[in-house]
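From first to last, the protein sequence lines are chains A and B. Note that my numbering has the first sequence beginning at 4, numbered continuously upward. Note that my numbering has the second sequence beginning at 4, numbered continuously upward.
Please note that a few of the clues may not be correct.
It does not matter which identical chain is used: a pair holds within one copy or between any two.
As the list claims (entries may be wrong) - Straight-line C-alpha distance at most 20 Å; calculated DMTMM-like pairs for lysine to aspartate or glutamate:
no., residue 1, residue 2
1, Lys692, Glu229
2, Lys227, Asp689
3, Lys687, Asp235
4, Lys529, Asp540
Simulated from the structure, these hints should not be mistaken for lab results.
2 protein chains.
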Amino acid sequence: MQPSQSTLVTIILAASTGALVFAVALAKWVLARSTGTPEMRKISDAIQEGAEAYLARQYKTISVLAVLVAVLLAVGYGVLRTSAPSDPVQSRTALAIYITLSFLLGALSSGIAGFMGMWVSIRANIRVAAAATTSLNAALQTALRGGAVSGLFTVAMSLLGVGGLFAVLSMLAPSGMDAAVWATKIPFLIVGYGFGASFVALFAQLGGGIYTKAADVGADLVGKVEAGIPEDDPRNPAVVADLVGDNVGDCAGRGADLFESTAAENIGAMILGVVLFKSFGVAGILLPLVIMSFGLVASVIGIMSVRTKEDADPMDALNRGYYLTAFLVSVGLFVACKWLLVSDAAPDAWWHFFLCSLVGVATSIAFVFITQYYTEYRYRPVKTIADASKTGPATNIIMGLSVGMESTVMPVITIVIALVSSFMIGRASGIMIDGAPAGGLYGTAVATMGMLGTCGYILAMDVFGPITDNAGGIVEMSKQPESIRDKTDRLDSVGNTTKALTKGYAIGSAALAAFLLFSAYLDEVKNYNGGVSIHVDLSKPQVFGAALLGGMLVFWFSSLALTAVSKAAQSVITEVRRQFKERPGIMKGTEQPDYAACVDIVTVGALKAMVLPGALVLAFPIIVGLVFKAISGEDHLLGAEAVAGFLMIATVVGILMAGFLNNGGGAWDNAKKYIETGVYGGKKSDAHKAAVVGDTVGDPFKDTAGPSLHVLIKLLSTITLVLAPLFI
Amino acid sequence: MQPSQSTLVTIILAASTGALVFAVALAKWVLARSTGTPEMRKISDAIQEGAEAYLARQYKTISVLAVLVAVLLAVGYGVLRTSAPSDPVQSRTALAIYITLSFLLGALSSGIAGFMGMWVSIRANIRVAAAATTSLNAALQTALRGGAVSGLFTVAMSLLGVGGLFAVLSMLAPSGMDAAVWATKIPFLIVGYGFGASFVALFAQLGGGIYTKAADVGADLVGKVEAGIPEDDPRNPAVVADLVGDNVGDCAGRGADLFESTAAENIGAMILGVVLFKSFGVAGILLPLVIMSFGLVASVIGIMSVRTKEDADPMDALNRGYYLTAFLVSVGLFVACKWLLVSDAAPDAWWHFFLCSLVGVATSIAFVFITQYYTEYRYRPVKTIADASKTGPATNIIMGLSVGMESTVMPVITIVIALVSSFMIGRASGIMIDGAPAGGLYGTAVATMGMLGTCGYILAMDVFGPITDNAGGIVEMSKQPESIRDKTDRLDSVGNTTKALTKGYAIGSAALAAFLLFSAYLDEVKNYNGGVSIHVDLSKPQVFGAALLGGMLVFWFSSLALTAVSKAAQSVITEVRRQFKERPGIMKGTEQPDYAACVDIVTVGALKAMVLPGALVLAFPIIVGLVFKAISGEDHLLGAEAVAGFLMIATVVGILMAGFLNNGGGAWDNAKKYIETGVYGGKKSDAHKAAVVGDTVGDPFKDTAGPSLHVLIKLLSTITLVLAPLFI
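Could you build the full structure based on these sequences and the hints that come with them?
What follows is the structure, given as structure tokens:
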């Protein structure tokens, strides 16, 4: 017996609000920890002030842009476009309102989730620093739970948004329409939510990424290289900006990234569920949201289970928590599939789709291993980079680029196996439409949801990174004893690993999701085209041309992201040099540097620099769609087809480029750390100097361009999903 | 009145043998020049010896591999595969013999062309050095005509091979088959020629590219950086290996690259001509070869026209020659189209296709401009890299990578415009098949041929590069006076530009050709599939998966190429260090270094390193085709379709990556040269040191990985073209 729609909606809303309440409780728990010494508080306050000032200005900029886009959406749908008989609602004004409002709601929710996460993490950092004065376990738990606030808020807000929209809209069925039929229309009306989320995510990740690396590169070049002072030295005027950057980039940025992942992929999976409506009813549409609900519960349990012994590797504790979460998610997947995917015509369907979802869980675990292999110095790749540093920066760079490129191999093979196997398992499920097996795409969708089930935990681990990084900075700058620094150093090093893991996870899920969203796009085009589906035939020169443009966009965007960091870093360097020159007391330690000036300069620089690449990503698919529509001649769907080709190749190239940038950057970072353990002459050796060059090059790779590409991929998917009707 | 088949074949064979005879005459002219002083000859002899030893061993390795592949082809076609009714010849033994023999002939011709070109260029170098003692014009003409031997030999051998095969096979029509019908089968029987050519090209370019950069990077790191001696200093034991490298990489490698371009693209265009057989008859099939014949004549005139004043920029002279060639090619295109493309049903077709061919000429000129913009220091991109060098190697690298990525934008837009516009013009030509416009793809083919028309001249300019580079090295090492060095320096700098231009041209033609070869592949699949055509539908997960794998192959291959250089360079460094340590007289100038030892080490290293990436490129498409065929289920063409997706995305990503690597590398090189003109402190400044790091990173970018990718793209096209029947 399948559960009713209201039961499922209740579960979804209960799980998401429950998780939000739990996140608030966790936040209270974190805030109740000790805030350490006054010296610590002074630094922490400066970080808080800088981070909040940046976020306020960033959100202001994004709000202006979002309102602009909302107006364009409303005009495009409500005025320019004529209604088609196959539209989900007949009034074009109503359609415009649904799309525009869900866009704004998506943007708003993403902003709230990002803000909440960062609000807690900039308060957790000092508490982790203070906890490190007592025990490693206390520090670990404080950091992870601080991160969990962000993780849970992100996933729960996304679920509440999509589930809530579904709940509200399901009450607004047009008169005379069957409730179940109306339910199949809703996913098409709320695609704007995913677009809103990716819109904010792009700018948050891009702006945050530029901020964090401009501050980092600037501080390092002028501090470590020119002035010869250590990292996180309080004499460096850019040091606070650097610590602020960890929060606005890694924390708010990645939060927005995964917020939009879950939002967009939920909607995409729901659209594919609509196709199987005759087999599974509304349960098939709501399955993705139910899986995310169970995933939230699993993540909470996983997070609370983490504890470590004083002398153990904290990474082991985090890994245990992750495996527990993955196991619990698998149980949840079993329950959800068995309970929801009931079909008399296909009695074996449920366990086929359960297998698909396990493929997703396995993929997420595979990505964790692969990322570790390419970015930890226990393994060959990082060691070869360290080895190449002996002959100077040039060979270090060549080897790092080579490792980055190579690191795309295993993830791609994993993705292809996951995609093809879940498709084939789904196709074999026995679900038929018009006599043909029809469960294949839904199989890939369920696999994606299986991968995203552990999202809450992954995100908590990720935000753990900037919190411990900040805690280390606070401990260093407030001149705590060696034994405490040692604890925060250990946590910081684990944080570097978890940050790398999250990026691997984000790419993997983006890749699976891309296919999902792409299929949703084709379904939507079919829907708006009166049920006639299109192919994406690369042998048409126009489609191939659009594909080339899609690949090129990824290179162009990456170039802009790297340049933006370079330019913003340049302004930091100039400012720090000015301070050192005008106030010689700073270097002697007798005068306090002007931290706020640096924070201001990076803020302005990052916000200015994010607009052009962001606008490019928004405008490009629209231009491609409209130009190819204009030259389509008799082939009137050529515009939609060209956009599809554009989107898919941008996705393929984006996945490859993001893997290259993230892993290359991570490997360079750890090659430097490996040398710092004493190999090849250790710190201050020529090999170390060469490795520092690689590390600096890797910074904008792994923290600006790479992560922004995850968002780019998904933004392209959601923007085409929202604008599909305009290209037909 | 359309010309007869025998008239056209006569023109083609006359033009190609005529060009070969002319090339021999040019070679004699070059060899008759003065060979300078005994000191010069000593160095030149060492280069000759090293280059010939390397080429002999490289060809030995390639021969073994080629025979292996030939056996596999013969077994695959003659034993494993069962005949299909739509095969071009019914006996599978005959089919196997045609394919295998044309493969071996293609491989052999490519080898001969590469060898001849290098044979002359390693003899031209010293004559250019000697000519520089008299006048700039003499040196310029000697270098260009030396290069022209290579250029003309390459293009003429390729044309003679394809034209000759056509001529021979046209006499072997099966009894009872109409000669014209048989002519439509021939292109499918000689696809092996293109594969043989790309097979040799891949290993020649890869091995040569690894050789040249391992020697260069190794010599620079241990000479310039460690020992502090200038470039081309005779005390550096790796200096001869470095000069040998210029020949085996830039000269033999690029020659093989463009040999296979013209061969493969001729065959691809002929296959598309078969489609329009009913409109144009055999003339449409032979048009590409006629265009190449006219192009050869135009190139000869262009080359002989080049002369310079003593105080003028030699680049202007080369540009004038290029524009003359392009103009003459355009005239030839007009004649060819007007004369051959006669169709009563479509009287306007000829001028439509003439327009398409002009699109090709315009594309080649656009690529020349774009490449100059991104790699010359008169323009913004190189200047920003130089500027970023002020803050050290890290910012230099970041900016260089950013410029490289950005440099893909304009070429891609150019390619897309060329592709789509030539398709649309061709479609509007009035040629109809079954009532639908059918001239589109032929339009893109003619555009490609228009672009390749100037190939002979371009290649002469390219080989001009290593010849002048070598001449400069000989002048430097034999300690000639400043005024002579100045002349060779000017020529060398022009040679750097022409080398960069050729790479841009090679990418552009590879991109246009890729679509051409891809269309030929689909036509071939259709032909072998009994006339039923396939689409390449990216919305199938398997095709998308194969596409992802195609993109990944490019990253993997690039990684292997970079690592290979790094490893081989490492062995050079170790050897040079050993010599410096064991024989302290070398640095004092009292003892002669052991050049031959370094040459040997790089030879062994390069040959060893080229096997793995080469094998990967060969094996990967076969594995993809067979695996996806195996899991195809009811969709029995899925194997062929997946290979098509794989091929197209590998092509897209390959074009982007090659542009990134080539232009990034070129820009780094010239950023260093820009600083050496005295900007930012000039030579020995910190900015210069940073720029040297960028230049070193750029070396394997622009001379190993990038150029090898051009060949990879085309090898994938030809291998899939040859193996298509196995995937069905």
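Looking back at the numbered hints, which does the structure fail to meet, lowest number first? Violated hints: none at all, because every hint is consistent with the structure.
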